[in-house]
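Student: From first to last, the protein sequence lines are chains C and Y.
Numbering-wise, the first sequence is residues 12 to 263 according to my numbering.
Numbering-wise, the second sequence is residues 12 to 263 according to my numbering.
Since the hints were made in silico from the structure, they are not lab data.
Heads up, some of the hints might be wrong.
Which copy is meant is left open, because identical chains are indistinguishable; a pair holds if it fits in one copy or across any two.
As the list claims (entries may be wrong) - Once the Cα atoms are required to be at most 30 Å apart in a straight line, the calculated DSS-like pairs of lysine-lysine come out as:
#  : residue 1 : residue 2
1  : Lys123    : Lys202
2  : Lys123    : Lys66
3  : Lys202    : Lys61
4  : Lys14     : Lys261
5  : Lys210    : Lys61
6  : Lys14     : Lys61
7  : Lys262    : Lys160
8  : Lys125    : Lys262
9  : Lys261    : Lys123
10 : Lys261    : Lys92
11 : Lys149    : Lys202
12 : Lys61     : Lys160
13 : Lys246    : Lys261
14 : Lys210    : Lys92
15 : Lys261    : Lys149
2 protein chains.
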Amino acid sequence: MIKICIIGFGNVGRHLASAFERSPLVDLVQVFSRSGNAAPFPFSDRVISKFDDLKDADLYIVAVSDAAVESVSETLPFSGKLVVHTSGSLPMEILDGRNRKGVFYPLQTFSKNKDIDFSPVPICLESEIAADYEILEKVASALSGDIYKISFEQRRALHVSAVFASNFTNHMYKLASDICAQHDMPFAILKPLIAETAKKIETLSPEEAQTGPAIRDDQNTIDAHLELLSDIHQKNLYQIITSSIQNERKKL
Amino acid sequence: MIKICIIGFGNVGRHLASAFERSPLVDLVQVFSRSGNAAPFPFSDRVISKFDDLKDADLYIVAVSDAAVESVSETLPFSGKLVVHTSGSLPMEILDGRNRKGVFYPLQTFSKNKDIDFSPVPICLESEIAADYEILEKVASALSGDIYKISFEQRRALHVSAVFASNFTNHMYKLASDICAQHDMPFAILKPLIAETAKKIETLSPEEAQTGPAIRDDQNTIDAHLELLSDIHQKNLYQIITSSIQNERKKL
């Protein structure tokens, strides 16, 4: 069984640790948490807070903030081991050269209070050495059925693309929620619409799924919406995103 | 059983007609389609293309484009009947005064090639006469468990809010899809992320669910993303939406 240590206990670290702990295919040896505290987790007996306490493993997954990946990899008290980071933005090369390098990037949005089912989550892998790719592939397949060999250039682009698909999308929800609140309506009224909008692109392309006044070039409705939005900030975003959809329309 | 005629055979008209046809609680008397053609639908024997052929019913639902609602309602060859439109943007008063007026606004995104389960869809109602509200409520409850009494001001705001939550969200998917395509990755790689992003707001508020470089104020990642985006249009949108998220951050 492949032995794994997770280094870092932020959103990615704790979700990965929980998922590996549930998998019968890997052995979660330790989880490094700076505070040493992981009380409510089933692996809390294996949480350490000193790098010198790290035990032998086949794979060390550094799941810390981008800014800390380099220094953490330099601090690891061993060499010749397989060490990967989980960042969408950093090159594999940022990892310290004493160990074998790789990347284990799960493409998902992780929130503290929301459990993740990893089985559909794409896991994007990269390794310095071909033999290490096989280890990463085995570990990834313990979590997910969707594994991709992705270059750094692709991974960086994927990360930007994920910002649009997830972070910016969630901000659209936030803006919609604000407008509802300003008119005494509960955000809940929008939830079926949000669910269906996401569901549509399981079977339609985003081009096919586009609806609304911008794609119909319905200037009367657009003008009425702009008039209704009193917040200059909301109005500005409405205008810019509408233009962006209308640009798409011209390409059709 | 309440007798209904649907006037209009665009996305909303055909989805409503299909849903009413399936419901044992209402009687779909006729569907008016300008072309007269509804061949593959189970109600195709009741499709008409002349207003003079409209039979007696308890409710006439005018599901045509906003621009056509007024003239269609003026063309109806009867008076004293309950006639509603399905628009998120138009006042009830736009309907011709010979008939009793109301609004039947299902808050959902309708696409030609994607069936809709109406049961969770919020249906927003308004009527001139209190007794007519009861008819609308009965008809709405034949489709959905989620019925709202919504004023025109609220409905207009809800429509704008739906543009953000659905149309603009779908455009975020489109931009993400473009970036993937530009780097030889399939759009499918983003689908689990999109599904999870929508699923998160079932249990978290959009504020709680927000992740990504903008809300973390991670300027290094933001700069790297802007550098990677070669399309000036994508870059511009990235910058504006990032600033908008950062504005939210300052309010926290």
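Student: Any hints this thing doesn't respect? Which numbers, in order?
Tutor: 3, 4, 5, 7, 10, 12, 14, 15
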